[in-house]
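Protein chains in written order, with the numbering used here: chain B, 893 to 992; chain Z, 1017 to 1256.
Just so you know, not all the hints are guaranteed correct.
Said to hold, decoys possible - The following label-pair restraints were derived from C-beta to C-beta distances:
hint, chain 1, residue 1, chain 2, residue 2, range
1, Z, 1152, B, 912, 52 to 60 Å
2, Z, 1141, B, 989, 50 to 58 Å
3, Z, 1121, B, 963, 24 to 32 Å
4, Z, 1083, B, 913, 45 to 53 Å
5, B, 972, Z, 1117, 15 to 23 Å
6, B, 932, Z, 1071, 15 to 23 Å
7, Z, 1124, B, 963, 29 to 37 Å
8, B, 912, Z, 1146, 49 to 57 Å
9, Z, 1029, B, 915, 39 to 47 Å
10, Z, 1070, B, 926, 32 to 40 Å
11, B, 932, Z, 1209, 16 to 24 Å
12, Z, 1081, B, 907, 49 to 57 Å
13, B, 907, Z, 1181, 52 to 60 Å
14, B, 991, Z, 1147, 48 to 56 Å
Said to hold, decoys possible - Within a straight-line C-alpha distance of at most 20 Å, the following computed SDA-like cross-link-like pairs (lysine to any residue) qualify:
hint, chain 1, residue 1, chain 2, residue 2
15, Z, 1184, B, 943
16, Z, 1108, B, 943
17, Z, 1067, B, 984
18, Z, 1108, B, 946
19, Z, 1209, B, 929
20, Z, 1086, B, 988
21, B, 930, Z, 1218
22, Z, 1209, B, 931
23, Z, 1108, B, 984
24, B, 930, Z, 1213
25, Z, 1105, B, 951
26, Z, 1102, B, 987
27, Z, 1108, B, 983
28, B, 986, Z, 1100
29, Z, 1067, B, 939
30, B, 930, Z, 1222
31, Z, 1184, B, 939
32, B, 986, Z, 1102
33, Z, 1070, B, 983
34, B, 973, Z, 1116
35, Z, 1070, B, 946
36, Z, 1105, B, 943
37, B, 930, B, 952
38, Z, 1105, B, 946
39, B, 986, Z, 1109
40, Z, 1090, B, 946
These are computed hints drawn from the structure, not numbers from a lab. Computed from a predicted structure; not experimentally measured. Glycine is no exception: its CB is placed at the ideal position from the N, C-alpha and C atoms.
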Amino acid sequence: MKRPCLIYCEKRGHYRAMSFFTLQIRNLVLNSIKIYQKTLSFDHGVFSGLFPNGFCRYYPSCSEYTYQAIVKYGVLKGGLKGAWRLIRCNPLSKGGHDAI
Amino acid sequence: MLTAIYTTILYQPLYNILIFLYNIIPGQDVGIAIIALTVLIKLLLYPLSRKSIKSQKDLQELQPKIDQLKEQYKDDREKMAGEMMKLYKESKVSPFSSCLPLLIQLPFFIAVYQVFRSGLTSESFDLLYSFVANPNQINHIFLGLIDLSRPNVVLALLAGAGQFFQTKMYTRRKPEQKSTGSKDENMMAMMNKQMLYVMPIFTVVIGFSLPGGLTLYWLVTTLLMIFQQYFIFKKKTDAT
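Bound conformation, chain B alone (with noise of 0.2 Å):
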């Protein structure tokens, strides 16, 4: 059985319509995100409080810029998008503001 659900698409601007299968994968992975952000993130979590500046050297940090990146372009690319940002934040980097 397929049940169509309704997203809203920030690239096209309306709603559009997504799996019910796909959108669980996608509700699996933002979720998993924000719990990882709630408590292991230096940036985000419970240890916070060592890094007073920030830990990550972009903003916004890592785990939101794929967050953002998974919202808006979806699981696949928007995934890519992220691993490249975590490849890109090394010592070599100069950081920045980086908004997707």
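Given the coordinates of chain B, assemble chain Z onto it according to the supplied hints.
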């Protein structure tokens, strides 16, 4: 396939070093071997941790200037960020870490954890290299007193206490927030407090359920960290 790569590159070498240490250190005590391997790993990672503690130290020395900038440009956040960047650049302090090194270290620590867990049992000897003697049996009674294959309350409490002192040391040196506490700063103080108490409790609770060998590893790491912090922070007071 990924598991195979992980086993060959990370797990197997670490496991062999542990058993090797167990073989050569007199007394045949896996607790001593765990301590030795922990010290070895810490020495290996010393440049990394030194860098992060040092940048923390530099940042704390810079804190008065940062507060001043914050006060000066409190209405113009953009300008404040720019001025702060300039200050960091001038004093050659990098306030930021980055995500990738952290991510790379993660599999390593998972491997260490697994090695200590399996090192406590007399299994997986087939993973030993040919030049490491097979001990046939692992003695998991530490100093003839503590059974490291079972959870140990005393070790868990000690690890928690160590964690408390370590966090306290790390956050203590921040100057008191004198300004009339904006929301941000209150939040930060709360976070620090949370860190100070949540982490040790967390450690004790986890320690209750893990085999004593892992708690011992945790305890030794924390003690070494306290030592390291003491050493690096002390250098500052000598220099000035």
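> Hint by hint, which ones does this structure get wrong, listed from lowest number up?
Replying inline: Result: no hint breaks.
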